[in-house]
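K.L.:
Single-letter residue listing:
2 protein chains.
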Amino acid sequence: MELYREPGYDKVTVAEIAARAGLTRRTFFRHFPDKREVLFFGADKLEAFVVDVVLSAPESTPALEAVAAALAAVARRSDAEPAFADFARDRHTLIRTYAELHERELGKHASLASAMAAALRRRGVTEPAASLAAEAGIAAFKVGFERWVDDPRRRKMGAHMREVMRGLGAVVLEQRTAARAASPSRTT
Amino acid sequence: MELYREPGYDKVTVAEIAARAGLTRRTFFRHFPDKREVLFFGADKLEAFVVDVVLSAPESTPALEAVAAALAAVARRSDAEPAFADFARDRHTLIRTYAELHERELGKHASLASAMAAALRRRGVTEPAASLAAEAGIAAFKVGFERWVDDPRRRKMGAHMREVMRGLGAVVLEQRTAARAASPSRTT
Numbered sequence: 017m018e019l020y021r022e023p024g025y026d027k028v029t030v031a032e033i034a035a036r037a038g039l040t041r042r043t044f045f046r047h048f049p050d051k052r053e054v055l056f057f058g059a060d061k062l063e064a065f066v067v068d069v070v071l072s073a074p075e076s077t078p079a080l081e082a083v084a085a086a087l088a089a090v091a092r093r094s095d096a097e098p099a100f101a102d103f104a105r106d107r108h109t110l111i112r113t114y115a116e117l118h119e120r121e122l123g124k125h126a127s128l129a130s131a132m133a134a135a136l137r138r139r140g141v142t143e144p145a146a147s148l149a150a151e152a153g154i155a156a157f158k159v160g161f162e163r164w165v166d167d168p169r170r171r172k173m174g175a176h177m178r179e180v181m182r183g184l185g186a187v188v189l190e191q192r193t194a195a196r197a198a199s200p201s202r203t204t
Numbered sequence: 017m018e019l020y021r022e023p024g025y026d027k028v029t030v031a032e033i034a035a036r037a038g039l040t041r042r043t044f045f046r047h048f049p050d051k052r053e054v055l056f057f058g059a060d061k062l063e064a065f066v067v068d069v070v071l072s073a074p075e076s077t078p079a080l081e082a083v084a085a086a087l088a089a090v091a092r093r094s095d096a097e098p099a100f101a102d103f104a105r106d107r108h109t110l111i112r113t114y115a116e117l118h119e120r121e122l123g124k125h126a127s128l129a130s131a132m133a134a135a136l137r138r139r140g141v142t143e144p145a146a147s148l149a150a151e152a153g154i155a156a157f158k159v160g161f162e163r164w165v166d167d168p169r170r171r172k173m174g175a176h177m178r179e180v181m182r183g184l185g186a187v188v189l190e191q192r193t194a195a196r197a198a199s200p201s202r203t204t
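These protein sequences, in sequence, are chains A and B. FYI, the numbering for the first sequence is 17 to 204, going by our numbering. FYI, the numbering for the second sequence is 17 to 204, going by our numbering.
Quick caveat, the hints were computed from the structure, so don't treat them as lab data. Heads up, none of these hints are tricks.
If several chains are the same, the list does not tell them apart, and a pair holds so long as it fits within one copy or across any two.
Cut-off 35 Å, straight-line C-alpha distance, at most; resulting in silico cross-link-like pairs (DSBU-like, lysine-lysine):
hint: 1; residue 1: K158; residue 2: K172
hint: 2; residue 1: K124; residue 2: K158
hint: 3; residue 1: K172; residue 2: K27
All figures in this text were calculated on a predicted structure; none of them were measured in a lab.
Chain A extracted, bound-state conformation:
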């Protein structure tokens, strides 16, 4: 992270990163295809973790509630490790700065959403409800994560996730009420 900040993600070489970590270039490349992937290490494990929480929710749990439980579990893990918060904030600053990192992060989110939708279908949720719950959950997660990163009061990620899930409910309810008032037959 030091080298990604100075000389900067775009300027630093893999040789420099490997040297700072006390590794050879060859060892670096055994673990990462390039310097970008260093910042996405563990994305596959995160996905497996999230899928696991979705699958292990009680049978009667509604689709979006299973998704919310998975995001709450991610937040709990993060909140339990204070060093992670500093790392995540630094990492997010980089991601906002470099388009190629931002696109990769979006790809990670899209992959998380697909994996959650598949897990919901395995729970018997039909389409489009499975994809909508997964995508809306990731949408809320993105907003909550940004708010957590930027929070001057440094509240826990879990608090932000609860707040955005409630906010999503409020926004959708407000729209449903308006749509139903405008055209009762089409909004059942």
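Given the coordinates of chain A, assemble chain B onto it according to the supplied hints.
P.N.:
Okay, now just chain B, sitting in the frame of chain A:
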């Protein structure tokens, strides 16, 4: 599109694309930085159009309803032009095939969501409601668009957009009801 299919997006050169279109390479590069951007031509106009619809919704329109109106307007434009549907389906097949196109498409969606959130804030919607409405709207749009592309019955995009907006409402309502039953004080 012919060349992107055969020899394939990854194999075709800008020189070949320019020749097929009867252009010089220089003229190609005056319009597009690379062969990827050809597939995202007009993304900035789409964004401006969507922002315009969000801003011009009646003052009392709820945030997500303004977003839904923008997505419905996009669908209407698409449905009015039958040739567009064929192009959009071919394009989407490419985007699913090549990771770099998929990431670029995700970036386009993220940019659309940010632009709509900014438009909602200009309408006086506070955060996180503005971002949640914009991101949830784009989430529904992505699901609806995929379903439209894959629809063997070839129903209109507008029908798919209405369906996913209703589906989003149903998914959120089901979760709110469950969350409220589990913990009444936290879900107001």
